[in-house]
Structures are given as structure tokens and as C-alpha cells.
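Colleague: Chains as they are written, first to last, in the numbering used here: chain A, 596 to 974; chain B, 106 to 213; chain C, 7 to 466.
The hints are simulated quantities; they were obtained by calculation from the structure and are not laboratory data. Be a bit skeptical, because a hint or two may be false.
[Said to hold, decoys possible] Computed far set for chain A versus chain C, every beta-carbon distance over 10 Å:
#, residue
1, Gly598
2, Ala655
3, Arg746
4, Glu826
5, Pro907
[What the hints assert, rightly or not] Which stretches of chain C does chain A cover? Using the computed rule of at least three CB atoms under 8 Å from a CB of chain A, they are:
#, segment
6, 429-436
7, 444-451
Glycine residues also receive a C-beta, built at the ideal position from the N, C-alpha and C atoms.
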Amino acid sequence: MAGRILTEVAIVGGGLVGCSTALHFARRRVPCVLLEAERCGAHASGVNYGGIRIQGRALAELPLAERARRRWGRLDRIVGADGEFRATGHLRIARDEAEAATLERWALEAARHGVRCELLPAEVLRSRFPWLGEGFAAASYCPDDGQANPRIVTPLFARTAREEGATILEGRAVVSIERTSRGFLLRAEPELEVEARVLVNAAGAWGTAIAAMLGEHLPSEPIAPNMLVSEPLPFKIEPNIGMAGPGIYLRQVPSGSVVFGGGRGSVDLERRRCRPLFATSLSTIEEACRVVPELARASIIRTWAGIEGRTPDDLPVIGPSTVVPGLFHAFGFSGHGFMLAPAVGIVLVELVLDGHSATSLEGLSPSRSTSVPAIPATT
Amino acid sequence: MDEPADPPDTRFGRWVRLDGAEPEGVPFTIDGEPAEGRNGDTLLTAILTVRPDLGPLPPDRRVRAGFCLIGLCQDCWVRLEDGRRVRACTTPLEPGMAIRLETSDRAW
Amino acid sequence: MVKSDPLVVVVGAGPAGMAAARTLVEGGLRPLVLDKQPAPGGRMWQQPAGSRQPCGLPGHDAETAERARKEFLDLAERIDWYPGTTVVDATRGRLWAMGPGGEVDETSWDALLVAAGALDRVVPLPGWTLPGVYTLGGAQTALKALGCAVGRRVGFLGTGPLLWLAAAQHLVAGVEVAVVADTSRWTGAMRALPDLLADRARLALGLRCLRMLRGAGVPIRRGIRAAAIEGGENVTGIALATRRGPRRFACDAVAIGVGLVPQTQLLDLLDAPFDLDAESGVWLPRADRAGRTPVEKVFVAGDGARPLGAAAAALSGERAALAILEDIGRPFDRDRAARLERDLERHVRFARGLARAFPFPAGLEAGIASDTVVCRCEGVAAGAITAAVRAFGCHEVNAVKALTRCGMGRCQGRLCGLAAARIAAVTAGVALAEAGRLRAQAPIEPLPARVRRTAPDAVA
Ligand SMILES: Cc1cc2nc3c(=O)[nH]c(=O)nc-3n(C[C@H](O)[C@H](O)[C@H](O)COP(=O)(O)OP(=O)(O)OC[C@H]3O[C@@H](n4cnc5c(N)ncnc54)[C@H](O)[C@@H]3O)c2cc1C
Ligand SMILES: Cc1cc2nc3c(=O)[nH]c(=O)nc-3n(C[C@H](O)[C@H](O)[C@H](O)COP(=O)(O)OP(=O)(O)OC[C@H]3O[C@@H](n4cnc5c(N)ncnc54)[C@H](O)[C@@H]3O)c2cc1C
Ligand code: FES
Chain A
596 MAGRILTEVA IVGGGLVGCS TALHFARRRV PCVLLEAERC GAHASGVNYG
646 GIRIQGRALA ELPLAERARR RWGRLDRIVG ADGEFRATGH LRIARDEAEA
696 ATLERWALEA ARHGVRCELL PAEVLRSRFP WLGEGFAAAS YCPDDGQANP
746 RIVTPLFART AREEGATILE GRAVVSIERT SRGFLLRAEP ELEVEARVLV
796 NAAGAWGTAI AAMLGEHLPS EPIAPNMLVS EPLPFKIEPN IGMAGPGIYL
846 RQVPSGSVVF GGGRGSVDLE RRRCRPLFAT SLSTIEEACR VVPELARASI
896 IRTWAGIEGR TPDDLPVIGP STVVPGLFHA FGFSGHGFML APAVGIVLVE
946 LVLDGHSATS LEGLSPSRST SVPAIPATT
Chain B
106 MDEPADPPDT RFGRWVRLDG AEPEGVPFTI DGEPAEGRNG DTLLTAILTV
156 RPDLGPLPPD RRVRAGFCLI GLCQDCWVRL EDGRRVRACT TPLEPGMAIR
206 LETSDRAW
Chain C
7 MVKSDPLVVV VGAGPAGMAA ARTLVEGGLR PLVLDKQPAP GGRMWQQPAG
57 SRQPCGLPGH DAETAERARK EFLDLAERID WYPGTTVVDA TRGRLWAMGP
107 GGEVDETSWD ALLVAAGALD RVVPLPGWTL PGVYTLGGAQ TALKALGCAV
157 GRRVGFLGTG PLLWLAAAQH LVAGVEVAVV ADTSRWTGAM RALPDLLADR
207 ARLALGLRCL RMLRGAGVPI RRGIRAAAIE GGENVTGIAL ATRRGPRRFA
257 CDAVAIGVGL VPQTQLLDLL DAPFDLDAES GVWLPRADRA GRTPVEKVFV
307 AGDGARPLGA AAAALSGERA ALAILEDIGR PFDRDRAARL ERDLERHVRF
357 ARGLARAFPF PAGLEAGIAS DTVVCRCEGV AAGAITAAVR AFGCHEVNAV
407 KALTRCGMGR CQGRLCGLAA ARIAAVTAGV ALAEAGRLRA QAPIEPLPAR
457 VRRTAPDAVA
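The following block holds chain A by itself, in its conformation from the complex (with noise of 0.2 Å):
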């Protein structure tokens, strides 16, 4: 398809963030143009942990991410198929006492949210979780989290995104972008022009180097999250499992493999490309012997890890541009953005089209400053 196509929305990226974008433009009877470098879901949101879960968030998140929980608990409704995604719980374990007290402080600001958040001290885990290593402090318990198959949520907004009416190319990498008198003028290879009125930078990992073409510096670091499966096992393990502090997070999907993930692979950004490293999986098979430690009796069958943006203080940067008019950006997830993304779509979309939104985006937009660290929460 060689050649220039004119829309009024151009989206740079087609991972979950895009593709929802993407789709609920066709359903405002938008035209929009979504450019993917690979396929649709080929990076972080196609290869991710697959938790979907409200629990340990920093606030400022807590809005989005609420709206997204509504959306993953009808996501039959929107893209025709539930995504695999069930609210199985999720507990967070923590070590000490000190652990403990961050999961006390986490619950309160929850309930003031209206999230449902059960802390549980250490003698009952024993008893309710019965494959659970022992010697932890307590843990919490988010009834509403859960999981889902991050392999095929992507492909099914895509395809929704298609059906309704947006253009969606793979297999295009953007360039280079220029402002035009209509707006943007992105270059993408092979061979291919499109002018935009708009611009969505929804590019993950690549998010900061888009706002870079247009002079925009918004840091981000590429980490690659190092994950894991065992073979399949009879099913026994029902909620998502993270941990208050740094550590693993695991789950058991229907199938029986225990996927599970903790510490960091390779990362080599330009030649998009990311690998688990072998020390780092076993240093998290280790500590995921101790949360589950039945677990010793499997196999390993692969590890893998994903290409993702981080920004200093963990939060994405969500909204338009502050210097750029017309631009409106959509990354730096850091680790976390699977469960926002259907939600990050409609709320761009609201932004774009009415100016504004009903779910509040404050401490997320481009424009705030980002020396204040956040209360760190990865996946």
C-alpha cells in the first residue's frame, strides 16, 4: 500500500493502548490510521504477565483504573470475547512487618475509593491458601482483581478495532514525524504517508523517541520484565499472587502452567529486541519455590521476557502534549499498563473529541512533574 493516506487520527503504535484507542475512534465515526512496526500485539501488551489487578496502585492511577476493571468485566460486550479474563482475587503477600503495614495503608485509601480490599493476617493464610509457603507476614486480598490471556486481548481489539471501521496497517514503523498546516505528516516503512489532523504517540517502550521527533522530551527507560512458565499441573492455585515489596508475582492459568515473573531480561531498544536472562530465572524459580513451594516439583518450560516503557516516578504519561497542539500521548507504563489500556483508549478518545473526560487523569498528564516518587507498583 504504497502511497499516502489522509485521516483525521493517526496512531503510532499497536499494542493494547493503540488498538483500544483505535477502536473507540471507529466507534465515534472517526477516521483514524493506526500504524504497528510489527503485528498487533507483538510487544508488552501481547507478551505480558497477564494480571489484571486494582491492588498496591499508586492513586493516581486509581481512577483509570477503575473505569478499566468495569470494561474487563465486559469485555464480551465490547470486542465479542471475554480476553480469558476471570476475577479470580489477587493476594499480596507480604514479608515482614514493615510489608505489612504498607498493605494496611494501601486497604484504607482503597476503601475510601469504594475498592474491596480483605487484609489478612498471618494465621488464617495457612488455612485459605493452603499451597502457600510459610513464614509470611500477611497479606491482602482484592476479590475483584483477577487475570487474563494478555495473547489474545490484543488481537481481539484489534480485529473489533478493523471491523468498525479503523484502518489498522502492520508491518509499518514510523520514522519520522513533521507538523504540517493540517497537522502531522508521519513517514512510515515500507513506503507509506499519512497526514493527521491528530496524533496519538501510543509507542510503549518507543513512546519517548516519538515525542522526541517532535521535539518533546518525556523520559523513559526500557526494562524487559523476565517471566516464566512451568509445565501444565492440575489446577490449584486460584487467585493472581504479588508481593507487598519487590519480588515474583504468579498465577496458574485454566490450562494448568504456572506463569510467573519477577526481576529483569536483556533490552536492546533499536533493534527491538529483548531476551529473558538465565540467572535471573533462576533467582525468581527460587523465590517462587518459597511463596508456592510445590512448585519445586515441576518443570520450567520457557521463559520470555517484554519490551516495556518506564518512566522516573512509575506512572504512564497519559493526555495531549504540552507543547505540541494536536498531540496526545499514551505510554511509559512501567510495567502495569495491561489492566489500564481498555480504559486508556475511551478516556483519549473523550480527550481528542470533547476536550475532556470523566475519569481524572491527574498526576498522569505529560505535563506534571515527575520528581515526586510514586508509591512503586510493578505488575
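Dock chains B and C with the ligands against chain A, hints included.
Modeller: Just chains B and C with the ligands now, kept in the frame of chain A:
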């Protein structure tokens, strides 16, 4: 040359030992029942010469009996009583090994 | 592990790896050789269990095998030999290996030779996941190394020289052969004759196997168009669609295979490039005639580069070792290298003949029924692949894997990857190359979660 299919005779074991196997027996157990393999056997050899299969394996609980015999298809993983899981075609039989094929429980 | 300077690591101690190790020692190096098997020998010269000694099997020269193993073990003081050790991950300059006790160890390398051999290629057929169905190589291993037959009455199904060899070996070992059913036709073999004459000994062996099977009255069917393995809980027979109509043969075990696929997972982890061999539909690692891949200091030899047989594997292992010596700046014998390349040419020609005589039955693979299981690990049927391709308009096999779980199981798509790619390509109406190849992921074999890293002071 077309013949009706005979039911297979796998009551005692799927595999047949050919001449040349050592006479020395190596005792082991399957689901608690005593069995005997031979010196030099892999676990897979020892099991399949006395049993028809290795029982079902998740995720689809298909009954397996090995396939490639060189450690590549992974169709022969079995559980030992001590909780270890081993690949039967690449694991040498050791005297006293206790194999658990029975998987009605939900143990990993 | 031990560290010598420069450190050349050889993965696999089959004919290719053993020849390479010897050549490297001659060149003044002390290579580190790893093989997941407890003894050297690889596929062809495998150590039989205990004192079991198969004798008189056609195409199996126990003495040569034993001599090769002994020669290798005689090197033991001049190499670092780690049997029972599986390499599970490799990056530039480093690799991870798992030892017999489940301990894992990291080691560095200056040059790496991957001589990992090949695995039978199989076409998914109705019933191929029943207990009692084995790969041809598996059935052969049972016979040659384990002293067992995989059943009382074995049917042989597929195509290739191994089909006939394995059947004849079973016959000689006293196992009843129910049928030899080959998808190829006599006419192809006739056309391949000029190339097959490149290795008269192997041609003669093939003809001898054929005569033995015929002489024993074993039913032989060629030009098979469709096949199914029958049975409920166990194999009960093979049903064939032959040119003369349907035929059924009772048996309690079936050995299947349609050729060999190089085991290239480690090369894949090292980012080595691959090219599609159009004739067979197999992706082969890119390498020059000496076994150099485009990845610096990474070499490939033997069946793992291109399945040419044991003799060629040894030649290519030796050739690759010379290339390693050359590339690390050691003296090496140029004439010897040229001679080896010439000798290998003959094997390439013979292999071309084999490919023509026993063409890959692409039609069988492309015409798969929707309820036939493709991925035996995850239980994914062909229909799930075609449905995903149609629903999402994708055909790249890694995308198909992500949507369907096909190739996501314990074997990492070793057995289903090629079939899944073809089914996706045929469904989408694109060329096979467009479907790509399943990418390998570490660990390339299941890693027990109880593994522990060897104490740091033991690590080089
Ligand atoms: C291993 C891992 C585990 C994670 N686990 C979780 C989790 O459990 N829960 C959770 O909520 N979040 C998780 N995350 C984070 C989550 O996956 C991401 O935040 C989210 O998917 C980001 O979506 P995205 O669309 O912004 O990015 P991506 O999915 O990365 O999409 C960006 C796309 O932009 C394309 N692109 C880039 N540059 C260009 C260009 N120049 N031209 C055209 N296209 C371009 C890329 O090819 C890519 O497809 C995890 C992330 C990783 C990597
Ligand atoms: C199924 C099959 C049956 C065959 N039957 C015959 C026959 O009957 N007659 C005949 O002439 N030829 C036969 N061949 C061909 C012949 O065996 C081969 O050509 C020859 O053995 C190839 O030698 P190689 O060294 O390349 O590989 P192999 O002999 O296969 O040796 C490869 C070695 O690498 C090891 N290895 C692989 N991966 C790893 C890893 N990650 N870590 C550590 N070690 C590893 C393996 O354990 C193996 O010992 C057969 C081949 C196959 C695959
Ligand atoms: S039978 Fe294939 S791995 Fe054991």
C-alpha cells in the same frame, strides 16, 4: 492381507524384551506394587515392559507411553513418590525407585 | 566448569561432535564437550544399555560404534568431557548447562560448535497421539539400545530410508512387521537413482532391506494418500488409503516418521539466521561449507546442520573443527579442509537423491482433518489453527502459537512447529516461508524447578 484388528495384549506390558537383556533384576515399585526391571534399563523401559502406559498427563490428561525415546518430545514425565518428577526415557532405573503413575489426586 | 584458553565448547558427542573433539585436540586445544546422554555416540553410535548388544541388524555396525566411542573416551584426559549434561540456554560467549544431578552451571566460550543432531519429523495423523505410536527413531532406539520392541506387532508408516531400515531391523530382531506403508512411489526412487549412486553402500543397504522385507512376506504399500492410526485406549491398527482403495492392518504399535529435522534451538537462541529448504519445508541454519554460521564464532555440524547421515556427520564435525582452528588463529591443514568439503559433496548428492526418492508428503500435512491433534503437548487440533488464522487474519506461526497454544507445551513445538506453519500458510493462502518458524525459548528442555545453581566458586 486385510485382517480384522486384534485387540492388543498389553495386560502385562507394552514393550517386549528381546534376547540379550541381563538376567539381574532391579526391584522398584509402581503405585506401591513391586515390579522388576533389569540392570541398564531406563525408567521408561522398566515401566513399559510391565505396564501398558504411564498414565495421563495434564493439560488434556491424554494417556502417554513415550514417543521419541531421546528426551525431546517430553511425553514420558513421571512422578516419584518423593515428589520428584523425572523424564522416564532419560532417567536410569535405580533399585528401590518408587514410581507414582496414579494421578487421581491433585498433587503436583 | 573448567576454563582453558581459548575455550571451545562442543555441544553433542555424536559422530559430529566426537570427530570435532578429536580434531580440536590434534590442533592443540582442550575442548569442553557436553552431551545430555550418559555416554558418547549420539544417535547412530549410541551405547546399548547394560550389556545388551544388538547383533546382525542391517545397517548397524556395533563394532564401528564401539570403536568410535572408545576412541573418544581415550581422549578423555585431553578434553573436558561432561556426559549427562544438557545445554539449556546460550548467549554470545556464555552458556548454561544442567548436569545429571539437576545442578546448573554457567560457562563462557570463545567458540561454540553445535552438533546437536536431528529428530524425526512427523506428520500429524488421526490417532498419532495414542499410546503405542512411536517415532521411527524411537522404535529404533528401543531395539538398538534398550533391547526392547515397542510392541508385538509393529506397523511402519511414513517415508524415507529410515522407514525401511527400521522395519528391516525389527524383522531381523524377530519382531513381527505388520506393514510398511510409504507415501512415496517407486517412480520417484527410479528418478533419484543417479544421485543415489553417489553412495553405493547405502543404496545397497536400502535394497537389501527391501529384499528382506519382501522375502519375509511383509505387506508393503507405497503411494499412500491418507493414513490413520486406529484404536481406542491403545493402537489396534493402521488404516490406509492406497491407490487400490482402503486397506487395514492390525498391529499393537506403530512407528512413524517422514524424515529428520535438525535440532537448532541453541542456534536460534544465539540469533543465527535460517533459510527455508523449499523442497522439504524444513528451516536449515545458514552456514558455509565449513559449518560457520553468520554469528561470530558459532559453528554447526552433523545432522543438526543438515541431516546427511553418520559418515557425513563425522566429516562435517572434523571440517567445522578446522574452521574453528582457523578462526581463532591456530594453524590448520588447508588441504585436509578442502578434501573434507569434497567428500561431503558426495553425501549432499546422495541426500538430494533421497529427497527425491522419498519426497515429503506435503499433501498429507496440508489435508489434515480439523479434529486431528497437531500439538500433542497441549492437545491443540488442526481446526483451532485454521479457526485462529481465519478469525484474526494472521498466518505467522508464532502469532498462531500465541492464539492457540499450539507449540507452547513441554516440547516447545519441536514436533508440531512445521505442521502448524504449513496449516497456517495453506489456510491463509500464502507461501510456506511467510508462515515463518517457531522461535525457540530457553530453557530448550524442561528445567526442573528444584534446580540449583552450582556454588559460585565452582563456576569458571
Ligand atoms: C513481561 C511483562 C509483564 C507485564 N505484566 C503486566 C501485568 O501483569 N499487568 C499489567 O497491567 N501490565 C503488565 N505489563 C505492562 C503492560 O504489558 C504494558 O504496560 C502495556 O501492554 C503497554 O501497552 P502499550 O500498547 O503501551 O505498549 P506495547 O504493547 O509495547 O505497544 C507499543 C507498540 O508500538 C509499536 N511501535 C513502537 N515504535 C513504533 C514506530 N516507530 N512505528 C510503529 N509502531 C511502533 C511497537 O511495535 C509496539 O507493538 C507487563 C509488561 C511486560 C513487558
Ligand atoms: C531418529 C534417527 C535415526 C537414525 N537412524 C540411522 C540409522 O539407522 N542409520 C544411519 O546410518 N543413520 C541414522 N541416523 C542418522 C545418523 O544417526 C546421524 O546422521 C548421526 O548420528 C548424526 O550425528 P550427529 O553427531 O550429527 O548427531 P547425533 O548422533 O544425533 O548426536 C547429537 C548429540 O547431541 C546431543 N545433544 C543434543 N542437544 C543437546 C543439548 N542441548 N545439550 C547436550 N547435548 C545435546 C544428543 O544427546 C546427541 O548425543 C538417524 C538419525 C536420527 C535422527
Ligand atoms: S519419550 Fe520423548 S522425551 Fe521421553
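Colleague: So is A:Pro907 really clear of chain C, every C-beta pair being over 10 Å apart?
Modeller: Answer for A:Pro907: holds, closest chain C Cβ roughly 30 Å.
Colleague: Does A:Glu826 sit more than 10 Å from chain C, CB to CB?
Modeller: violated, 5 Å
Colleague: Just want to verify: A:Ala655 was marked as not at the interface with chain C; is every Cβ pair farther apart than 10 Å?
Modeller: holds, 32 Å
Colleague: Can you tell me if the segment 444-451 of chain C counts as covered by chain A, using C-beta to C-beta distances under 8 Å and a minimum of three residues?
Modeller: holds (count 3)
Colleague: Classify the label on A:Gly598 as holds or violated, using whether its beta-carbon is more than 10 Å from each beta-carbon of chain C.
Modeller: Since the minimum Cβ distance to chain C is about 22 Å, A:Gly598 lies beyond 10 Å and the statement holds.
Colleague: Verify this for me: three or more residues of the segment 429-436 of chain C with a beta carbon less than 8 Å from a beta carbon of chain A.
Modeller: violated (count 0)
Colleague: If I take the minimum Cβ distance from A:Arg746 to any residue of chain C, is it greater than 10 Å?
Modeller: violated, 4 Å
This entry does not satisfy hints 3, 4, 6, going by the numbered hints stated previously.
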